[in-house]
Amino acid sequence: MIPAKKLLNTLTEHWGVLELLFKRFKMADFSLKDVQNAIKQKQPSWSNERIYKETNRLLNQDIIIPLAKSSQLEINRAIADFATFLLQEEHLGLAQEINVLVDDLARLGNRLAKAGEIEDYDELRRFSRIMDDRVRKIMKLFSHNENAILNIVEQAKANNAVQSLQKRYQAVIEAFDEYIEPMLEMVDIRGDFHACFNTIETQISLQIEQIDRLGKSYQDKRMLEQLRTRILEMHLVGRESLRKSADMLMPLREELRRNNLITRQAAKVLGLVRKNGVDNMLSAVQPNFVSDSQRFSLGQQRHIIAYMAGLVDFEHDEYELPEHQDVPAYQSPNIPDYNDVKSQFKKRFKKATKKSQPLLSFLDESYPDLDADEMLFLYQKLISDGDLEISQSQEKVKIKIAQQHFSLYPFNSSPADDKQATEQ
Amino acid sequence: MTDINLDDLTHLQAINKKLTSGYHISEQDTLMWQELDQHIDAYRALFNALGHDLQHDSRGYYYFGSDESTPNMGKISRAIALTIYILIEHYANTGKDPMRALFDEVNDLELMQTLVQINKHLFDQLEIFSGSDLRKDVYLRMVRLGLAREVENGFMLQAPIYRYIDALMEVNEETYLGDDE
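So the sequences go chain by chain: A and B.
Just so we're aligned: 390 in the UniProt record's numbering is position 390 of the first sequence, and the numbers increase by one with no gaps anywhere.
Just so we're aligned: 135 in the UniProt record's numbering is position 135 of the second sequence, and the numbers increase by one with no gaps anywhere.
In case anyone wonders, no lab produced these hints; they're calculated from the structure.
Only a predicted model underlies this, so the values are computations on that prediction, with no experimental measurement involved.
One thing to keep in mind: the hints can contain errors.
List of simulated lysine to any residue pairs, SDA-like, C-alpha gap at most 25 Å [as the list claims (entries may be wrong)]:
#1 A:42 - A:7
#2 A:275 - B:131
#3 B:18 - B:32
#4 B:96 - A:255
#5 A:275 - B:113
Sequences and hints are given; from them, build the entire structure.
This is the structure:
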């Protein structure tokens with residue numbers, strides 16, 4: 001018997017070597033030379049003698065053991081299992097393993113119930129301990145398999161486009177068919193698994209009740225309660241772990257299915273194209289693109305549609321007639337009544353008919369408040385009035401009225417022919 | 001009715017120019033893609049009113065949908081389709097994962113030559129006789145449409161290629177347009 005502490009020391013010392021051997025040979029056998037090379041690689045400074053000694057140490061402590069009837073070596077199974085656990089390099093177990101454990105659990109549950117019936121408390125304790133052990137094992141398997149599936153998924157996803165599809169997804173498919181599906185079937189709410197746990201749970205509950213009632217073997221109650229909790233937890237953990245695993249694998253499985261579909265379809269389509277010609281086969285399905293030439297024409301149907309849709313919403317701004325009260329009140333210009341002007345004009349020039357007087361200066365004098373345009377308005381009214389006797393001057397004259405300068409051939413107050421004024 | 005604030009749409013001009021020329025804006029066109037992503041409602045409403053059909057594909061690209069192609073565009077599209085299907089077959093034949101290789105591998109001139117050689121019969125119908133023809137008539141056009149991007153020594157295909165893969169899945173005997181004898 002090798003002391004555990006010594007073994008552990010050797011393991012820590014040579015962990016690098018063991019890890020290397022484990023990863024390189026993956027459970028397969030290897031020669032003594034390989035071990036020495038591995039040590040050399042990890043400890044390049046060591047002498048050959050030292051390496052020889054260390055190799056022997058590994059052998060003597062049964063960490064590395066020889067294969068039967070061969071000079072080849074392998075890592076001790078127990079150590080290898082420990083290493084897989086440490087390195088999480090787990091390989092997917094079988095659904096069957098868990099199944100067997102669960103069956104065993106059911107068997108033990110029955111024995112436990114029987115032991116309870118005949119009040120054999122030693123047996124009761126023993127079975128409950130074994131069951132506890134089984135439950136732990138199952139939980140371990142769940143987490144182990146979950147890790148293994150994670151590894152599979154990572155490998156399948158690893159960027160290795162050179163590998164063929166079939167190879168890349170083989171592990172995924174296997175994992176799905178051999179673990180996930182049977183397991184899902186098992187943990188199904190109507191499956192055996194569930195029924196079995198229900199039975200065990202009632203059995204244990206019954207025992208606990210019994211103990212309560214009889215008051216015997218009270219210290220066992222706690223153990224049973226713990227077992228019951230553990231079983232319930234296992235059930236939950238199992239479901240959770242399976243769900244997680246399935247979630248990880250499902251997309252890959254879909255991807256594979258889809259990839260296969262696309263490859264097959266591509267081969268099929270190319271076959272059809274070879275037979276029927278490119279244009280015939282692909283015209284109907286080719287994606288269409290908007291092109292530059294279409295950009296500049298409105299001829300496209302959808303353009304017209306958009307235009308029409310725009311028209312539907314189009315509304316004239318309705319023309320609104322102003323309301324009566326909205327119209328601003330008419331403000332008469334500052335012009336005196338024409339008839340007054342006319343009579344005043346007549347009155348004024350009756351006396352002074354001998355000398356002709358410019359019409360504008362008369363207006364300017366009589367109505368100094370008027371603006372130029374108002375003055376001109378009166379002026380043109382007066383000159384076009386047939387009743388008045390006025391004459392046009394022959395020379396162009398500059399006149400200033402209401403701060404504005406005008407140059408015109410002015411009409412003057414004198415009896416003469418009617419002529420049109422030329423205003424400037 | 002979406003309110004469109006044209007001041008927010010800072011890349012409108014560039015986006016409009018690209019999209020109307022048939023370009024697919026994918027995630028690699030970071031600026032425009034982000035802009036579209038942020039103001040998708042406004043852009044969609046605006047382009048709709050102009051008679052364009054702005055499409056967004058969740059696989060990461062925007063484009064203007066169209067029901068018809070000009071004859072020239074149609075020919076180009078068929079050439080692209082053929083090239084992609086041949087690529088898929090080629091990758092599958094060489095034991096690669098076609099969908100992965102399609103987007104991960106650089107298509108260089110050597111690959112183009114191989115493709116044309118193996119499928120001479122098919123490419124002849126499209127008047128593509130050599131690898132450099134394929135480069136010029138298909139790959140450069142794909143770049144112009146945003147289906148591929150040019151890299152150091154070749155081309156990388158981009159997400160809008162999925163339009164062709166969708167089209168691929170639609171093909172069956174019934175789509176055959178030829179006149180039966």
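**Message:** Hint by hint, where does the structure go against what was stated? Just the numbers, ascending.
**Reply:** none
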